[in-house]
Structure formats: C-alpha cells, structure tokens
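2 protein chains.
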Amino acid sequence: MERKEISQAVISRLPRYYRYLGELRDDGVERISSQELSKKMQVTASQIRQDLNHFGGFGQQGYGYNVEYLYVEIAKILGLDQEHNLIVIGAGNLGQALLNYSNFSRRGFIFKGIFDHNPKLQGTKIGELEVRPMEEMSAFITKNNIDIAVLTIPKTGAVKVAEKLVECNIRAIWNFAHVDLHVPEWVQVENVHLSDSLMKLSYNSSRYQDIKNAK
Amino acid sequence: MERKEISQAVISRLPRYYRYLGELRDDGVERISSQELSKKMQVTASQIRQDLNHFGGFGQQGYGYNVEYLYVEIAKILGLDQEHNLIVIGAGNLGQALLNYSNFSRRGFIFKGIFDHNPKLQGTKIGELEVRPMEEMSAFITKNNIDIAVLTIPKTGAVKVAEKLVECNIRAIWNFAHVDLHVPEWVQVENVHLSDSLMKLSYNSSRYQDIKNAK
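Chains as they are written, first to last, in this note's numbering: chain A, 1 to 215; chain B, 1 to 215.
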C-alpha cells in the first residue's frame, strides 16, 4: 500500500478514529456513514473522507463504512496488530502510572521492565515488575527485544539516557522528560511535554477571559 | 495588544519558546538572533520570526532578541504572570505524579486540592494535601477560587464529572481521561490522550521500518 505522503497531522488523528470505531464496535454498530461519524466526532464529514482515503478508502459511496473492517485496518496501520515490548526508565509516580495502565497491554504494548538509578527503589515491585538498576538496561534491551523506551525521568538525566538508548539500537522513545532529544533519524521520538500542555490551557483560558471582558 | 487571529498551532509552539528562552536566561545569555535560536530549536528562523511577530515582534533587525524581555513577555501571554488554582480529580498514580511535579508550582500553577471517590484513599495525604471525597468538590471550587480542574480518572466517570465541573463554573479542564468532553465554549479543555500518543509513536516506528525494508 502506498502511504508515503501522509502528514503527521493525519497520523495524529488516526488514534482518535480508532477510539471511536472501537466504541461503535463495542456498541454493536456494524456500519456508519461519514456524516454520522462526523456528528459523533465533531469534525467535518469531508475531513473524515479525506483522512481515511489516505489508507485506500474503506468506505463505499452511499453505504457507509464497515466499522469492524475499518477498526481492524486502522489497528494494522497503527502497528497494533503486533506486540511491542516496552521498558520504563524512571520508577516515580508517572512511570508507575503508565505501567499500571491496563489499556496499553490490551493494545499490545507490553511492559517488560522498569529501571531507576535510585537504589532505594531497586528491587521494589511495581505491578509484576521489579525495579532494576540502570546498569542492567543495555543487556535487558537486547535480550528482551525491546522496541520502545518510556522516559519518565527529569530532564537533567534524560539526554544521557537517550544517548545510551540510541547505542542500544532502540527504535522508539516515548519522552516525558521536559527536554527535546536529538537522536538519529532511525529513532522515533514522541514527546509528551506536560508543562507545555498546561501552559497552552492557561493561555486559552486567559485569552477567553480577555475576549469576554472586551465585549 | 491585538492577538485575535493566532492559530492554535502558534500557541502550541509558545511553551517551547518559553522553555528555550528560560534555559538561555539561566545560562546568562542576554541576546539571541533568530538564526541562533533557529539552530538551537531546529525550526526555521523564518518560522521563529513569524511566530514571535504575532505578539508585536520583540526583535530588532540585526540586533536579535532580548532574551529576558521575550521570556517575560511570553510568560505574560501564556498567563504565567498570574497564579492559577488547580484541583486534581483522581488520586491514582497519575494524579499523584502531577501533584508532586514541582515545576508546575514554580510556574504559578498551585494545587489546592485532590479528590477521589474511593473511600480508602480519602483522608490519605499526597504531598501536603489530603484526599477529599467527591461530594466536597463543588463547594471547594467556589471557596478556593479554582480555575483549572485536572481530570485523571477513567473515561467511564469523566463525562459526569466534567458536567459537574461545568455547573461549578470551572474555566478550564486538563483532561487525561481517554474521552472527548463536550463542554460549553467558555470552558477550555486541553486533552492529554496518552494512548493516542503511544499509538502515533507505534505508527511512526513501524512506518520507518517499512520504508527501510522497502529500500
């Protein structure tokens, strides 16, 4: 399938389609038109058609989308038909929260290990996993075929750890550290900068008040 | 200052400017050209100029930006010159992680309360705050002038809680529940859908392998 030119904007919207289609499927819905989906998702029907056309267009004119089929196809596109092996680096609250979030494993994201440089945490159990020392990380990645590393450590340590991960040939980093990582192009990075998100919310909230007060 | 037409894309980039300028300031840098900033941030100098022009353009041709001034101005734009009072709803790992993250309070985001419907958690302490029952939420919001509610509960409960928050005249919801909230336009919502972010990473990682294998 040709899908070289898909923008990151479209990719960013796919998980949301996947979520809505999963809910429709769970509700026993078999078919949905782009108009109905549009109403539910509060995006235009034309955007839905355009987005889904990137993947070969699963809809039939006047007949709507087959929910199950589209759900499965988007899952494949997102790589959810394969299992992914993850490690978490940083056993603080955030690392624990991610590890304990059962939705990830249900979608094939399997947490295999958790690491922390704090000796007090090493050996303690989080869910079914024991916190390991950082020194064991490299060997663990190779041995357990880890493809995604989740970085939940402060920004001061994150750059060094990322360099180490690159040496270990990790393919993907899910980065919660508040710093931009510079890695080779074969390593994919997805940032979750929580402070940035909170500031954006703060802006939009202040801005709304300004507009209201000016009226 | 006229800033009605700023796109959410520009707004989304502002916290990143703020972060880099803060680091430059901490390093004692007084001035920086858009070219230098461009190299550091790995975006084009022209984008930097365009973005910052939305806010009146703080740079002077051939002279660069005054780091301290720009830092302070962006902080004002982002509403960081005012304090924000927050509550967290959901005292699980994620709620605890956010509450304990000291960077937020340093930027004026002050956590005033945390709520959970689980009686076992009520009364336990997280940082300096005691977990309160949900029944106290409405009165607490009014009494403590809360402007931002952080939702770290599963999606099943989130819609109902959001409705309650709207009744309490909350201005902003930072939503970690994996569901889209439909609220009146005067309530700002910023979503952090962690599963969506992980799926995007999974896509990009699989996709890169596909391209590599096809070569």
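These aren't lab readings, by the way, just hints derived from the structure by calculation.
Check each hint, because a few of them may be wrong.
Stated by the list, open to error - Listed below are the simulated DSSO-like cross-link pairs for lysine-lysine, each with C-alpha atoms no more than 27 Å apart in a straight line: (1) A:Lys39 - B:Lys120; (2) A:Lys40 - B:Lys155; (3) A:Lys125 - B:Lys40; (4) B:Lys125 - A:Lys76; (5) B:Lys164 - A:Lys212; (6) A:Lys164 - B:Lys40.
Said to hold, decoys possible - Facing chain B, according to a computed beta carbon distance under 7 Å, are these residues of chain A, among others: (7) Ser7; (8) Ala9; (9) Lys76; (10) Ser102; (11) Ser105; (12) Asn169; (13) Trp174.
As the list claims (entries may be wrong) - Chain B side only, calculated, beta carbon under 10 Å to chain A, not exhaustive: (14) Lys164; (15) Cys168; (16) Trp174.
Beta carbons are placed, not taken as given, at the ideal position from N, Cα and C, and that holds for glycine.
Hint by hint, here is what the structure shows:
The hinted pair formed by A:Lys39 and B:Lys120 fails the criterion: a straight-line CA distance of about 40 Å is larger than 27 Å. With a CA separation close to 16 Å, the supplied pair A:Lys40 and B:Lys155 stays within the 27 Å bound. Among the hinted pairs, A:Lys125 with B:Lys40 is inconsistent with the structure: their alpha-carbon atoms are about 40 Å apart, more than 27 Å. Of the supplied pair hints, the one linking B:Lys125 and A:Lys76 is violated, its CA atoms being roughly 44 Å apart against a limit of 27 Å.
With a C-alpha separation of about 23 Å, the suggested pairing of B:Lys164 with A:Lys212 holds against the 27 Å cut-off. With a C-alpha separation of about 22 Å, the suggested pairing of A:Lys164 with B:Lys40 holds against the 27 Å cut-off. Here the hint on A:Ser7 is broken, as its CB sits about 12 Å from the closest CB of chain B, past 7 Å. At its closest, the beta carbon of A:Ala9 sits 10 Å from a beta carbon of chain B; the interface hint therefore is violated under the 7 Å criterion.
Interface restraint check: A:Lys76 against chain B, minimum CB-CB distance 9 Å, threshold 7 Å, status violated. Because the smallest distance between the Cβ of A:Ser102 and any Cβ of chain B comes to about 10 Å, over 7 Å, the interface hint for this residue is violated. Because the smallest distance between the Cβ of A:Ser105 and any Cβ of chain B comes to about 11 Å, over 7 Å, the interface hint for this residue is violated. Given hint, A:Asn169 at the interface with chain B, is violated; its Cβ is 12 Å from that chain's nearest Cβ, farther than 7 Å.
A hinted interface residue such as A:Trp174 counts as satisfied when its beta carbon comes closer than 7 Å to some beta carbon of chain B; here the least separation is about 6 Å, so the hint holds. A distance limit of 10 Å between C-beta atoms decides the matter here; for B:Lys164 the minimum to chain A is near 18 Å, and the interface restraint is violated. Proximity of B:Cys168 to chain A is violated relative to the hint, the smallest CB-CB distance being about 15 Å (cut-off 10 Å). A hinted interface residue such as B:Trp174 counts as satisfied when its beta carbon comes closer than 10 Å to some beta carbon of chain A; here the least separation is about 6 Å, so the hint holds.
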